[in-house]
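Q: Those sequence lines, one after another, are chains A and B.
When you line the first sequence up against this note's numbering, it's residues 1 to 738, in that order.
When you line the second sequence up against this note's numbering, it's residues 1 to 155, in that order.
Source of the hints: derived by calculation from the structure; they are not laboratory data.
All values derive from a computational prediction rather than experimental measurement.
We put the CB at the ideal spot given by N, CA and C, even for glycine.
Please note: incorrect hints may appear among the correct ones.
To be verified - Reference excerpt, derived from the structure (chain B facing chain A, CB under 8 Å, subset only): (1) P25; (2) Q32; (3) D46; (4) H51; (5) H52; (6) P54; (7) V59; (8) A70; (9) R120.
Stated by the list, open to error - Label-pair distances were calculated between CB atoms; the ranges are: (10) A:K325 with B:R73: 34 to 42 Å; (11) B:Q107 with A:A9: 44 to 52 Å; (12) A:G32 with B:R154: 43 to 51 Å.
What the hints assert, rightly or not - 27 Å max Cα-Cα, derived DSS-like pairs, lysine-lysine: (13) A:K99 with B:K81; (14) B:K140 with A:K412; (15) A:K566 with A:K457.
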Amino acid sequence: MTWKEQLAAKIPPELGREIDIYETQIELRKLGKIDEKLFAETRLRRGAYGQRYDNGQRFDGFQTQHLKYPHALTKGPDTMWDAPGMQRIKIPFGGLNPKQLEALADVAEEYSDGILHITTRQDFQLHFVHIEDTPTLMRRLAAVGITTREACGNSVRNVTACPLAGVCQTEAFDVTPYAKALAYFLLGHPDVQDFGRKFKPAFSGCEHEACGLVYMHDLGAVAKIQDGKRGFKVFVGGGLGAVPYQAKVLADFLPVEELLPTAQAIARVFARLGEKQNRARARIKFLVDKLGIEEFKRLVAEERKTLPHDPRWTQFPAVAEKPLKPASSLNCDRPEGFNAWLETNVYHQRQPGYAAVTVACPLGDITSTQARQLADLVREYSGDNVRTTVEQNLVFRWVSEAELPELYEKLKAIGLGAHGAGTILDVTACPGTDTCKLGIASSRGLGRELRERLAGKFFTMDAAVKGLRIKMSGCFNSCGQHHVSDIGFYGNSRTIGNHKVPHFQVLLGGKWRDNGGSYGLAIGSVPSKRVPDVVERITERFVKERQGNETFQDFYARIGKAESRKMIEDLMVVPPYEKDPTFYSDWGDPREFSMGDIGTGECAGEIVSALQFELSAAERMNFEAQLAHEVGHFAKADELAYGAMRQAARGLVHEQWLDVPADPATVVREFKTRFAPLFQPSLAAYLFRRHEYPPSTHTAESAHRLIEEAQLFIEGAHTCGDKLQQQKAAERAAVLKK
Amino acid sequence: MDLHKFGVKLFFVNQQDRELTEFIPVFHGWIQRQALAGHLLIDVHDYSHVHHGPGILLVAHEANLSIDEAEGRRGLVYIRKQPARLRDVVEAAQQAAKQLSDEQGVQFNDGQFEVFVNDRLHHPGATEIAESTGGEVVPKSTDPRERLAFVVKRG
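Same shape as in the complex, but just chain A:
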């Protein structure tokens, strides 16, 4: 018995088929029948990501070791097949139920290291996963309704949303149904398969809180009510990364029924005009910037008019959560430590008598055992829902307030009763050098150190300091969202003498509220080991010189950049190696610091066009025809080979007609009309003949011949596709030039 057989009845057929295809692609890669770049983008679009040292090299503190994995095979450029990888798991709007939490716990234990890591975009990540375990892992998640599809790669990433949606006191309305609808509408949608880079959507219930951080997203939607109608203020073209951009307003008010088609139109414009070759300029923010928001709006509006109606545009799922228990008030005995937890981790819902509880997960990590225990607590106190947050925590909703002390005690018993959620203690960090191929400095190591040090002082801290947020990234790519924190850090390196020293650039002035309302700017780079002193220095100065109720941002603006830098200047000095070698290694890593382990990131995915995917699918289908032929299923082999030709032909037609249907007659007719001059006639004839004269009997020989012909047809489609891509690039250049 395999998991595939065991779970067959529980996996939605379409999802099951997708995973079967992915598994076949793994087999094809092992046979050398898929190019490594194509395979890399294929696995990325299933959330299977690379991880540090997967190029087979690692600096051990003295020398670079060449890791001798059993197989020479690669799963992408410079990426060893056997090297442990990361699996990202999409959780739309961060919402999951206890059953899903349990399934995540099981797969983390069996295929990873028993740790579930919550990311800054409400996903889960599992590390040290072997590529060949991923199809089974995906099936086990699919059986409980979780997909990893398009969790990485040049695709629509997880749709994030405020974890308090539906219970928030200040939201215009609950954005959950719309976030969910958009997530599943865009998932696998043909119009989002041809991006040059990733695309991240986010939802927020109101403009002034942090919630969805819409300003830093490719597409952001803020709930708004106008004339009694529900709609969204829509933003486009935001993003962090090395050079952060604030999103621009695409529409001040877009009725809810226009949200999905507008997103689809944006996707089409991005796919058509977005940069494809230069990854550093391929996010939509660069396109919006280049065209200007007015021209971008015009293009989107034009595109919107051409879209064929889709009934899913207005199908918003009902996601109303029902409270498990009656509302109650908190008027019982309070256990030790409860009040501090209540102050920072509990939010009183809009619905009287209920609270939302933030479970602070240190650095976003929980064990599989804790995940199961949390699932029990969700069932007991919250019902059927729990949400992940972009601050790497979990939120229980609908907790009857009288039960808060009991829940606190139970969380404490499983090591998750820490106070300080959403405060300076709740440090957010990306994976950094722990597992990321691009990491320069140890953001998690620093995060761990800061948490420990700040925890010791928390109760004596000034309230204004407690409320600050610290976020850090291991490099300038901003996965830790350092730009939108009060005090942000990103990893870099400096050379002192003959040695490298891990550093963090200090950023001040970022704003978490107002949906990531402003971005911090760097004031100077300090050695990693001095960062705790920097935090102390800055916060002490803030407390000492704060005027009235001045915010940290206002304080920073008042004292100015020069003075801020002066404040930390002495901490930027690195003692010589001979005097203090501890500066020359990173937090939690005794090896002498090196930049030698940085690999090629996969955040940008591989540049693989939608047509290449279609042609790859055609090849896979033809391979399946061979398998059918091998076991004597000649009729099936014939049908698959014919299907492979149609798939390739449809891929070509799709390049010119995005809404091409899949029915054979249309595909063949359109292919004939559009591509006769570009396609080698003898190869095109294979498709036309099979389409017009289906065989009345199926023999081994006839099926074999068709498989051969299908392969040649696919080769012809590749050649034709190259010509098409050249034409498209020229057209795109002309539009942008204009």
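Go by the hints and put chain B onto chain A.
A: Here is chain B on its own, set in the frame of chain A:
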């Protein structure tokens, strides 16, 4: 049936209060020397911030090893990832434990250890576990959602 996904936990009898992070350089040293025969040692991971978690993890191609704190009991955990018989898995875990003893003075409980099956689909029974480990085997009473685990007692 794929039955290689076994895990073994050998319990510390001393150094229970030693800082977990002190084991980080120990594992890095093992990688520098590729000190565990039959294993390609890859990386060290710090989970000391996680309550009752894998503590300090040493990732190898063949197995994950950790100074594990599950259930609040410190031990050396060896979880096999590549095909091997249970007998060999136990032996590999003991080999790693011996290395830790020789280098760091860690003492292990020789009379009792745990075996678990890191696979919820395929798992052997107590009799097969006993045959492979040469000890008295008692199923560990756990949450049914947890992995199947056994306490192995050796005279």
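Q: Hint by hint, note whether the structure agrees.
A: How the hints compare with the structure:
1. P25: Since the shortest Cβ distance to chain A is 4 Å, the answer is holds.
2. Q32: holds (5 Å)
3. D46: At 5 Å from the nearest chain A Cβ, B:D46 passes the 8 Å test, so the hint holds.
4. H51: holds (2 Å)
5. H52: holds (6 Å)
6. P54: With a closest approach of 6 Å, the B:P54 hint holds.
7. V59: At 5 Å from the nearest chain A Cβ, B:V59 passes the 8 Å test, so the hint holds.
8. A70: For B:A70, the interface hint holds, since the closest Cβ of chain A sits about 7 Å away, which is under 8 Å.
9. R120: holds (6 Å)
10. A:K325 with B:R73: 34 to 42 Å: Given about 35 Å between the Cβ atoms, the range holds.
11. B:Q107 with A:A9: 44 to 52 Å: At 50 Å between Cβs, range holds.
12. A:G32 with B:R154: 43 to 51 Å: Since the Cβ atoms of A:G32 and B:R154 sit about 49 Å apart, the hinted range of 43 to 51 Å holds.
13. A:K99 with B:K81: Between A:K99 and B:K81 the Cα gap is close to 26 Å, so the pair holds against 27 Å.
14. B:K140 with A:K412: Holds, at roughly 25 Å.
15. A:K566 with A:K457: OK: A:K566 and A:K457 at ~25 Å, within 27 Å.
Violated hints: none; the structure is consistent with every hint.
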